[in-house]
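**Student:** Listed below are the residues making up each chain.
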Amino acid sequence: GNSVTQMEGPVTLSEEAFLTINCTYTATGYPSLFWYVQYPGEGLQLLLKATKADDKGSNKGFEATYRKETTSFHLEKGSVQVSDSAVYFCALTDTNAGKSTFGDGTTLTVKP
Amino acid sequence: GAVVSQHPSWVICKSGTSVKIECRSLDFQATTMFWYRQFPKQSLMLMATSNEGSKATYEQGVEKDKFLINHASLTLSTLTVTSAHPEDSSFYICSARWPRSEKLFFGSGTQLSVL
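As they're listed, the protein sequences go chains A and B.
For what it's worth, the working numbering labels the leading residue of the first sequence as 1, then goes sequentially.
For what it's worth, the working numbering labels the leading residue of the second sequence as 1001, then goes sequentially.
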């Protein structure tokens, strides 16, 4: 079956530091890949997505590139802010079945 | 973005009682909604896929008679935890799929505590 493995947290960074959260996946076929963010006390929100190999998703300064050869979709941001503190989930969607599989989530804390 | 409302946000109930959780898409029609369970510091576990006007599709290991799902309209799906027990205590989350898209919009979740 499909699976998503993402970097264990928690991750603590200082403001303006560079962020990488690793995500690798196992899937049959050609899934779409997503990063979701869950701010404290809120539901999950779509952060960015990529639907095919070599696509780059970007939003709010975050980026992730769909790497089919390494089955990865690492999340990066050049300069994090305190307001980026949240839990980040990597996910894939099986385009045939329409089901999504989520990673375990990585908690990011950014300190001023 | 689109809004999905989930209610209640938390509920405490006695063992043996039933609890209903509602998931509404407020500004779009969702033919497909999903129900998840999330344990502390763990990922979302898909419980079932809710399709408007038809029976829900349950994931392996999820008891369909215990977790009743009804998707009677294009904007509402409900999850009823029947005869709840303490082991059913968890955080339940719903999501709704945007029409003809893979985009999911999530409810804010329901924390269920069974005493």
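If you are wondering where the hints come from, they were derived from the structure by calculation, not from laboratory data.
Each residue gets a CB set at the ideal place from its N, CA and C atoms; glycine is no exception.
Do not rely on the hints blindly, as some may be mistaken.
The calculated EDC-like cross-link candidates involving lysine to aspartate or glutamate, where the alpha carbons are at most 16 Å apart (straight line), are [to be verified]: (1) A:99 - B:1088; (2) A:56 - A:42; (3) B:1014 - B:1088; (4) A:56 - A:84; (5) B:1014 - B:1027; (6) B:1103 - A:69; (7) A:99 - A:76; (8) A:49 - B:1088; (9) A:111 - A:16; (10) A:49 - A:63; (11) B:1041 - A:104; (12) A:68 - A:84; (13) B:1020 - B:1102; (14) B:1041 - A:8; (15) A:52 - A:42; (16) A:52 - A:94; (17) A:52 - B:1102; (18) B:1014 - B:1087; (19) A:99 - B:1102; (20) A:68 - A:94; (21) B:1020 - B:1065.
Some chain B residues well away from chain A (every beta-carbon gap over 12 Å; in silico) [said to hold, decoys possible]: (22) 1009; (23) 1038; (24) 1051; (25) 1053; (26) 1059; (27) 1108.
Now the stretches of chain B that chain A is said to cover, found in silico as 3 or more residues with beta-carbon under 8 Å [said to hold, decoys possible]: (28) 1060-1067; (29) 1077-1085.
**Student:** State for each hint whether it applies.
**Tutor:** Hint check:
no., hint, in the structure
1, A:99 - B:1088, "violated, 23 Å"
2, A:56 - A:42, "violated, 26 Å"
3, B:1014 - B:1088, "holds, 11 Å"
4, A:56 - A:84, "violated, 20 Å"
5, B:1014 - B:1027, "violated, 34 Å"
6, B:1103 - A:69, "violated, 25 Å"
7, A:99 - A:76, "violated, 25 Å"
8, A:49 - B:1088, "violated, 33 Å"
9, A:111 - A:16, "holds, 10 Å"
10, A:49 - A:63, "holds, 9 Å"
11, B:1041 - A:104, "holds, 7 Å"
12, A:68 - A:84, "violated, 27 Å"
13, B:1020 - B:1102, "violated, 27 Å"
14, B:1041 - A:8, "holds, 10 Å"
15, A:52 - A:42, "violated, 29 Å"
16, A:52 - A:94, "holds, 12 Å"
17, A:52 - B:1102, "holds, 13 Å"
18, B:1014 - B:1087, "holds, 12 Å"
19, A:99 - B:1102, "holds, 9 Å"
20, A:68 - A:94, "holds, 15 Å"
21, B:1020 - B:1065, "holds, 14 Å"
22, 1009, "violated, 9 Å"
23, 1038, "violated, 9 Å"
24, 1051, "violated, 10 Å"
25, 1053, "holds, 16 Å"
26, 1059, "violated, 9 Å"
27, 1108, "violated, 4 Å"
28, 1060-1067, "violated (count 0)"
29, 1077-1085, "violated (count 0)"
The structure fails to meet hints 1, 2, 4, 5, 6, 7, 8, 12, 13, 15, 22, 23, 24, 26, 27, 28, 29 from the earlier list, while all remaining hints are met.
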